[in-house]
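Spelled out from the first residue to the last, the chains are:
There are 2 protein chains.
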Amino acid sequence: MPALPTLAVVGATGAVGTVLCQLLSARRNVWGEIKLFASARSDGRQVRCRGEELTVQTLTPEAFDGVDVAMFDVPDEVAAHWAPIAVTRGAVVVDNSGAFRMERDVPLVVPEINPGQTRHRPRGIIANGNCTTLAMIVAVAPLHREYGLRELVLASYQAASGAGQAGVDALHTQLGKIAGDRTLGSRPGDVRQAVGDDLGPFPAPLALNVVPWAGLLADDGWSAEEMKVRNESRKILGLPDLKVSATCVRVPVVTGHSVAVHAVFAAEVDAESAREVLRNAPGVIMVDDPATGEFPMPIDAVGTDPSWVGRLRRALDDPRALDFFVTGDNLRKGAALNTAQIAELVAKELTGR
Amino acid sequence: MPALPTLAVVGATGAVGTVLCQLLSARRNVWGEIKLFASARSDGRQVRCRGEELTVQTLTPEAFDGVDVAMFDVPDEVAAHWAPIAVTRGAVVVDNSGAFRMERDVPLVVPEINPGQTRHRPRGIIANGNCTTLAMIVAVAPLHREYGLRELVLASYQAASGAGQAGVDALHTQLGKIAGDRTLGSRPGDVRQAVGDDLGPFPAPLALNVVPWAGLLADDGWSAEEMKVRNESRKILGLPDLKVSATCVRVPVVTGHSVAVHAVFAAEVDAESAREVLRNAPGVIMVDDPATGEFPMPIDAVGTDPSWVGRLRRALDDPRALDFFVTGDNLRKGAALNTAQIAELVAKELTGR
Numbered sequence: 258m259p260a261l262p263t264l265a266v267v268g269a270t271g272a273v274g275t276v277l278c279q280l281l282s283a284r285r286n287v288w289g290e291i292k293l294f295a296s297a298r299s300d301g302r303q304v305r306c307r308g309e310e311l312t313v314q315t316l317t318p319e320a321f322d323g324v325d326v327a328m329f330d331v332p333d334e335v336a337a338h339w340a341p342i343a344v345t346r347g348a349v350v351v352d353n354s355g356a357f358r359m360e361r362d363v364p365l366v367v368p369e370i371n372p373g374q375t376r377h378r379p380r381g382i383i384a385n386g387n388c389t390t391l392a393m394i395v396a397v398a399p400l401h402r403e404y405g406l407r408e409l410v411l412a413s414y415q416a417a418s419g420a421g422q423a424g425v426d427a428l429h430t431q432l433g434k435i436a437g438d439r440t441l442g443s444r445p446g447d448v449r450q451a452v453g454d455d456l457g458p459f460p461a462p463l464a465l466n467v468v469p470w471a472g473l474l475a476d477d478g479w480s481a482e483e484m485k486v487r488n489e490s491r492k493i494l495g496l497p498d499l500k501v502s503a504t505c506v507r508v509p510v511v512t513g514h515s516v517a518v519h520a521v522f523a524a525e526v527d528a529e530s531a532r533e534v535l536r537n538a539p540g541v542i543m544v545d546d547p548a549t550g551e552f553p554m555p556i557d558a559v560g561t562d563p564s565w566v567g568r569l570r571r572a573l574d575d576p577r578a579l580d581f582f583v584t585g586d587n588l589r590k591g592a593a594l595n596t597a598q599i600a601e602l603v604a605k606e607l608t609g610r
Numbered sequence: 258m259p260a261l262p263t264l265a266v267v268g269a270t271g272a273v274g275t276v277l278c279q280l281l282s283a284r285r286n287v288w289g290e291i292k293l294f295a296s297a298r299s300d301g302r303q304v305r306c307r308g309e310e311l312t313v314q315t316l317t318p319e320a321f322d323g324v325d326v327a328m329f330d331v332p333d334e335v336a337a338h339w340a341p342i343a344v345t346r347g348a349v350v351v352d353n354s355g356a357f358r359m360e361r362d363v364p365l366v367v368p369e370i371n372p373g374q375t376r377h378r379p380r381g382i383i384a385n386g387n388c389t390t391l392a393m394i395v396a397v398a399p400l401h402r403e404y405g406l407r408e409l410v411l412a413s414y415q416a417a418s419g420a421g422q423a424g425v426d427a428l429h430t431q432l433g434k435i436a437g438d439r440t441l442g443s444r445p446g447d448v449r450q451a452v453g454d455d456l457g458p459f460p461a462p463l464a465l466n467v468v469p470w471a472g473l474l475a476d477d478g479w480s481a482e483e484m485k486v487r488n489e490s491r492k493i494l495g496l497p498d499l500k501v502s503a504t505c506v507r508v509p510v511v512t513g514h515s516v517a518v519h520a521v522f523a524a525e526v527d528a529e530s531a532r533e534v535l536r537n538a539p540g541v542i543m544v545d546d547p548a549t550g551e552f553p554m555p556i557d558a559v560g561t562d563p564s565w566v567g568r569l570r571r572a573l574d575d576p577r578a579l580d581f582f583v584t585g586d587n588l589r590k591g592a593a594l595n596t597a598q599i600a601e602l603v604a605k606e607l608t609g610r
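Listed in order, the protein sequences are those of chains A and B. The first sequence stops at residue 610 when you use the working numbering, and every number in between is there. The second sequence stops at residue 610 when you use the working numbering, and every number in between is there.
If we strip away everything but chain A, and leave its shape as in the complex, we get:
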């Protein structure tokens, strides 16, 4: 065991990997050597991380030798293949893909909520939640502890970068094509025509539009994204019977997922007490003064760590329900930050400090 553990970042050149490197430069340093890995097309690229110029390498099994903690941000099938190899070579894997999240012997950890579960990792893998779940759950969990959560009805406003750098590129390209034509958006199909084939990873144009679909098709008309939000919320909160209905919608925002939350509790709630709970909750910042134009929005929350919560009010027709709006940076708390936080918990455990 070295004095400071060795870290590997797998998927270092993607949208989330790039933010991970930024975070490693900005957060308190708990790491010894840092190794960066990506697919073959990034091999040899130089990336600045923690003040050093690091060379991105292609993955091999041997590359994990000597690695204590490996953060994975790669597609599900890549994680499914490589994470067990990293474990075999001695690393603890913190995985941001969907490959292991719902496995019973893989903990799904949000450090503000269930940090102790990092230690229960029989397969050597700890999972990070989906970006939409993470934005919202940091605010929901402290309210659950106070009032006892029974049901969530959620509608999301998800940013292009949730689909990776290709999503961001597509949105900017589309905006470039529609800008300047002030007639667009007023006739059926005119935006489709202007955008043409530049859809990127989305099933329809995102510019001047909202797309009520994210992820693959699951059963009975549900999207995989909506199922993730339901199943991960239940697992993180330890509430296997929690009622959850989520509608996941992509919007023309670069970074920052927002969620309109309707949360029903076992006990009566009071808006002012709920605000006080959230003001004291880790990872949450309250921005809730509509009279002065203060509410959570992606253009403010992007690039920041906490979940921004506002528009909090008690349901008018149900004294046990709260309505509120949350915005979080889907690349930070929704991905890289939560991964880094989990990895730091493991580093602390490994080094005893």
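In case anyone wonders, no lab produced these hints; they're calculated from the structure. Be a bit skeptical, because a hint or two may be false.
Identical copies look the same in the list; a pair holds intra-copy or inter-copy alike.
Computed list of lysine to aspartate or glutamate pairs in EDC-like fashion (alpha-carbon distance at most 20 Å, straight line) [as the list claims (entries may be wrong)]:
#	residue 1	residue 2
1	Lys-434	Asp-557
2	Lys-500	Asp-575
3	Lys-434	Asp-454
4	Lys-292	Glu-309
5	Lys-500	Glu-408
6	Lys-500	Glu-525
Place chain B on chain A using the hints.
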């Protein structure tokens, strides 16, 4: 009584008034003379309507003499002043403002739902609903008739034109300012800086953002828009105790309001039967095949009459609840079309044909 009734359009040069004139040109003609009114700054402007060039006039009390039906699309305070004057001069007023909607002696009519109420107008005024209510209620009402509605949880995705032509202009101006800079949307405040003071009628930039606020501040942190959706839904459906929680959010779309709907009913529901109900419902078009990329979106629904409904599925954890997504043209069914439909019902009553 003339063979064909005389129609006045008050607010003929605004975003909704412009669509009203287009609709009057396209729909079956039930009108004799058409008179167009607007504020003094549009006085004398020529507007093409029903194949004629009409001159826009400034309002005077005498201008309503001989008018049988007056459609109003003006700010609340203008409607509050002028609608009673029009009634005194002999016109039936169909008002699209919020000034009279919740008055007990003013019917709030959606012709697909409660057409008979146009005849119960002791004050001579019939109100048109708010654009967000209308987009969604056309789909909710037939499901209510089938299953008995108990509760609605709604999150909206509202277009810029809901705030009038000034909203559309502001969005296009903002898009012009942000286009071409592919770095925008990734750092806190960078979009605010690029947009500058060109906010138009919105409290924050709409480009690359979502703004969880529409309308004035009501009590307890609710927006006036959210209160309208609740109160108007109850009145239109005749359900004074209906539980409604709405979160109203503005998105960078030109025209086309969308709503994510979670509807809880008295009886168990079945997604396929619900789809059949909606396929047979007037004013609704089902677009619900996610496997082929078919779901309701503003870029397709804009410029069309029906409410587009899709993403319909039964809640996984509540057999009495349905989740679905609706998009409607907020200037058509959400405003001008519903106004025209009500006015046509009155024309039919007045002429007996």
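Against the structure, the hints come out as follows:
no.	hint	verdict
1	Lys-434 - Asp-557	between (25 Å within a copy, 18 Å between copies)
2	Lys-500 - Asp-575	both (16 Å within a copy, 7 Å between copies)
3	Lys-434 - Asp-454	within (11 Å within a copy, 24 Å between copies)
4	Lys-292 - Glu-309	within (11 Å within a copy, 74 Å between copies)
5	Lys-500 - Glu-408	both (5 Å within a copy, 15 Å between copies)
6	Lys-500 - Glu-525	both (18 Å within a copy, 16 Å between copies)
The earlier numbered hints are all upheld by this structure, with none contradicted.
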